[in-house]
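Student: Start from the sequences, fold in the hints, and give me the full structure.
Residue numbers for the sequence shown follow numbering that gives the first Met the number 0, beginning at 0 and rising by one.
If you're looking for bench data, these hints aren't it; they were derived computationally from the structure.
Possibly wrong hints are sitting among the right ones.
Simulated restraints on C-beta separations [unchecked claim]:
{"#": "1", "residue 1": "I88", "residue 2": "G187", "range": "21 to 27 Å"}
{"#": "2", "residue 1": "V184", "residue 2": "R126", "range": "29 to 35 Å"}
{"#": "3", "residue 1": "L34", "residue 2": "S185", "range": "21 to 27 Å"}
{"#": "4", "residue 1": "V183", "residue 2": "R63", "range": "23 to 29 Å"}
{"#": "5", "residue 1": "L54", "residue 2": "L216", "range": "17 to 23 Å"}
{"#": "6", "residue 1": "I110", "residue 2": "L54", "range": "18 to 24 Å"}
{"#": "7", "residue 1": "V183", "residue 2": "R126", "range": "29 to 35 Å"}
{"#": "8", "residue 1": "R117", "residue 2": "S185", "range": "35 to 41 Å"}
{"#": "9", "residue 1": "V100", "residue 2": "S185", "range": "20 to 26 Å"}
{"#": "10", "residue 1": "V221", "residue 2": "K121", "range": "18 to 24 Å"}
{"#": "11", "residue 1": "S124", "residue 2": "L204", "range": "37 to 43 Å"}
{"#": "12", "residue 1": "V183", "residue 2": "D95", "range": "22 to 28 Å"}
{"#": "13", "residue 1": "I61", "residue 2": "K121", "range": "26 to 32 Å"}
Computed list of lysine to aspartate or glutamate pairs in EDC-like fashion (alpha-carbon distance at most 20 Å, straight line) [what the hints assert, rightly or not]:
{"#": "14", "residue 1": "K65", "residue 2": "E127"}
{"#": "15", "residue 1": "K197", "residue 2": "D37"}
{"#": "16", "residue 1": "K65", "residue 2": "E166"}
{"#": "17", "residue 1": "K220", "residue 2": "D163"}
{"#": "18", "residue 1": "K220", "residue 2": "E127"}
{"#": "19", "residue 1": "K122", "residue 2": "E166"}
{"#": "20", "residue 1": "K121", "residue 2": "E87"}
{"#": "21", "residue 1": "K65", "residue 2": "D163"}
{"#": "22", "residue 1": "K122", "residue 2": "D37"}
{"#": "23", "residue 1": "K121", "residue 2": "D163"}
Every residue, glycine too, gets a C-beta built ideally from N, C-alpha and C.
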Amino acid sequence: MIPSVPDFLVFFLAWFFQAFTGFGAGIFIVGTLSLLYDPRTVIVTSAVVNLFGTLLMSGILIRRVKPRFDILFPLMLGSVPGIFLGAEILLYLDRDTLRLVIGVFIFLLGIYDLLVQRRLLKKFSMRESLLNSLTAGFVGGFFAGLIGMGGPPPVVYLNQILEDIDEFKTTLTLFFTSNILFRVVSYGIQGGIEYFDKGLIYAGLLSIPLGVYIGLLLSRKVQPSGLKVFISTSVMFLGIVLVIQR
0 MIPSVPDFLV
10 FFLAWFFQAF
20 TGFGAGIFIV
30 GTLSLLYDPR
40 TVIVTSAVVN
50 LFGTLLMSGI
60 LIRRVKPRFD
70 ILFPLMLGSV
80 PGIFLGAEIL
90 LYLDRDTLRL
100 VIGVFIFLLG
110 IYDLLVQRRL
120 LKKFSMRESL
130 LNSLTAGFVG
140 GFFAGLIGMG
150 GPPPVVYLNQ
160 ILEDIDEFKT
170 TLTLFFTSNI
180 LFRVVSYGIQ
190 GGIEYFDKGL
200 IYAGLLSIPL
210 GVYIGLLLSR
220 KVQPSGLKVF
230 ISTSVMFLGI
240 VLVIQR
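Tutor: Now the structure itself:
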């Protein structure tokens, strides 16, 4: 089966951005391909494809720098109850209102991180600690359970406490891998296999390696301080996207 050009381009651009910044592929893929396919098909299929992407990106990054396991494990641990709580609350609250509130929160979170990176709020930057790691993981998992996007809280946390960009990306990518793996297992248990689309899977498998390679290559040509500011701006943009997509 030959994947369609639009599908190929969506996965390529999403994973180029993910490799360049460390996050963002999920919302780009779901937001774009849901205009062309059943959202359930996109969400379930992209989870499998994105798992391949995070594993590939992790394998490449680990060759350069080891992740911060002392931060990664608390993030993962905190995300588990957050995911369950978010999924439970989703059953009782209006999803559009949630998207608006969380979108505004993420936008403000991006502004805060941008001001920290610009050293205008350096005294109020986050500090590395077990409690902060657990909290960032919990809030990220909570958002993931509610709206399927939990990246910004751990992104901002790691962006402020880790100076090395590759260390930031490696730790964050492994965190995303654990979250996606949990979701894939859940979909399998709940019978979500029926929503798998082979064409989308082929498109992802063919385009992701190219997007990851080019994204990582170009990101290493950018000054770390400049890339950190771009990451902050991207978080703000994702908040705006959430508000618009209500």
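Student: Checking against the hints above, which ones are violated?
Tutor: 6, 18, 19, 20 and 22
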